[in-house]
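Asker: For the protein sequence lines, the chains are E and W, in the order given.
According to the numbering used here, the first sequence is numbered sequentially starting from 1.
According to the numbering used here, the second sequence is numbered sequentially starting from 1.
Quick caveat, the hints were computed from the structure, so don't treat them as lab data.
The beta-carbon is built from N, C-alpha and C at its ideal position, and this holds for glycine as well.
One or more of the hints may lead you astray.
[As the list claims (entries may be wrong)] Okay, the calculated beta carbon distance ranges per label pair: (1) Asp44/W with Glu217/E: 48 to 56 Å; (2) Glu114/E with Glu64/W: 48 to 56 Å; (3) Asp195/E with Val38/W: 37 to 45 Å; (4) Phe33/W with Lys218/E: 36 to 44 Å; (5) Lys45/W with Ser171/E: 16 to 24 Å; (6) Asp30/W with Val120/E: 46 to 54 Å.
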Amino acid sequence: MQNYDVLVIGAGPGGSSAARFSARKGLKTLMIEKRPDIGSPVRCGEGVSRAWMSDYGVKPNSHWISDEVKGARIYGPSERRPITLTAENAGNEVGFVIERDKFDKEMAALAAEEGSDVWVKSPALSVIKEDGKIAGARVRHNGQMVDIHAKMVIAADGFESEFGRWAGLKSVILAKNDIISCIEYRMIGVDSDVDYTDFYLGSVAPAGYIWVFPKGEKEANVGIGVTISAMKDRWDVRNYLDNWIKKHPGYAKGRTIQQITGGVSVSKVRDKFTLPGLLLVGDAARLIDPITGGGIANAYVSGSYAADVAKQAIEANDFSQEMMNKYEKLVKNKFQRKHLRNWIAKEKLGQLSDENLDKLVDIISEVKMTEISVEEILKAIQAKYPEMVKELEELI
Amino acid sequence: MVELKVKTEMDVDRGLCNYCGACVGMCPTDAIFMDDTVIEIHEDKCIKCGFCVVGCPTAAITAEWFHAKL
């Protein structure tokens with residue numbers, strides 16, 4: 001048996017943030033990772049925004065950056081003219097294509113620098129409950145079962161979100177329309193444009209999108225995410241991607257050197273993602289942006305909030321639900337409104353025909369906007385295709 | 001009335017499985033266990049919703065009943 005103030009489960013960006021900021025506050029912290037190699041295997045498109053990094057003391061480093069892009073392009077089904085988002089009109093969504101395994105290792109190193117212990121190849125196997133609260137986890141470490149007792153447990157176990165469910169949190173269960181299945185090929189010998197991340201909408205990827213993220217000259221991550229409610233056959237997700245690649249000679253000539261798969265949640269912020277003694281962060285708390293599918297920044301931010309509340313709870317020796325609600329409140333204040341709007345937008349976009357999607361992309365690509373936001377886009381639609389607004393009016 | 005006789009067990013093709021954990025996260029009943037290169041579906045917990053069958057990115061999970069349902 002070992003005692004810690006804070007046990008962090010999972011060494012992705014959310015876990016490493018929680019461990020880093022907990023340790024910085026003087027809390028005795030242990031972060032455990034089930035895999036032998038932090039960040040590997042990669043399960044990510046590897047695009048990340050940059051706006052949050054300076055606020056949280058993450059310095060961009062060429063060690064984990066594959067490519068710095070100028071912007072993003074969003075193509076409608078006809079692919080005739082994209083919406084171009086750049087730092088000027090959509091600053092915070094522009095950023096880097098990264099080597100995610102190296103990035104995750106650096107985030108873990110930042111936690112270790114603050115004094116957090118880190119154990120790899122150490123899965124949590126079960127929940128320890130004591131005195132009506134979550135009080136730690138049974139962990140397999142170096143082949144031994146070790147009971148880690150902790151005043152606070154921060155679960156950052158990603159899309160699987162198992163620890164929360166074992167502890168009794170039913171709210172992390174997802175509806176069919178809020179689950180995205182993803183497959184991605186890291187391709188070499190392709191005609192990638194190193195200046196842009198590209199997104200392709202429409203029936204090429206029903207209720208989802210295809211992405212092309214340049215990793216450098218002649219190399220790109222080409223991937224797809226499809227909502228599982230839009231799928232009929234188990235081969236659909238791969239077939240959609242393969243069909244798209246076949247139709248694009250610049251990619252069809254490439255070779256795949258890595259296949260990455262995974263699941264992504266695209267839900268509203270959950271009502272509840274804490275229990276006495278337990279805080280869920282990042283993907284485990286279903287904090288992925290429902291429109292972009294991006295989760296790294298949100299995970300990092302929520303990890304720092306979790307550390308704040310863990311510190312307060314430990315200082316006050318108060319592990320009640322009321323104390324945990326402080327964390328939920330911080331997260332909800334930050335994400336709830338935006339994610340609700342983006343969730344509704346996701347639902348609406350998923351229902352649009354290819355023809356209407358093309359209209360939408362045309363309108364937005366024509367309009368000069370200083371700041372491209374969902375509100376601005378809807379105003380532009382209202383001006384040109386008032387009949388389409390009916391379908392989208394809930395968003396305005 | 002013709003009664004369709006379908007196999008109720010889930011099958012996992014371990015030659016296709018990437019062990020990415022997507023199925024674990026989408027399973028509403030926590031019926032799937034995964035650990036490095038181990039995947040097990042617990043039939044006693046499985047409610048045959050089919051999420052993992054369509055949701056598995058590598059199409060590694062099959063179920064005869066799912067095709068009967070379609």
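Asker: Starting from the hint 46 to 54 Å, judge whether the C-beta atoms of Asp30/W and Val120/E obey it.
Answerer: violated, 25 Å
Asker: Verify the CB-CB distance for Glu114/E and Glu64/W against the hinted window 48 to 56 Å.
Answerer: Taking Cβ atoms as reference, Glu114/E and Glu64/W lie about 53 Å apart, which means the hint holds.
Asker: In this structure, is the beta-carbon distance linking Asp195/E and Val38/W contained in 37 to 45 Å?
Answerer: holds, 43 Å
Asker: Does the Cβ-Cβ separation between Lys45/W and Ser171/E fall within 16 to 24 Å?
Answerer: The hint (16 to 24 Å, Cβ to Cβ) holds, given that Lys45/W and Ser171/E are roughly 19 Å apart.
Asker: State, for the Cβ atoms of Asp44/W and Glu217/E, whether the hinted interval 48 to 56 Å holds or is violated.
Answerer: holds, 53 Å
Asker: So the hint says 36 to 44 Å: do the beta-carbon atoms of Phe33/W and Lys218/E match that?
Answerer: holds, 40 Å
Hint 6 from the list above is the single one not met by this structure.
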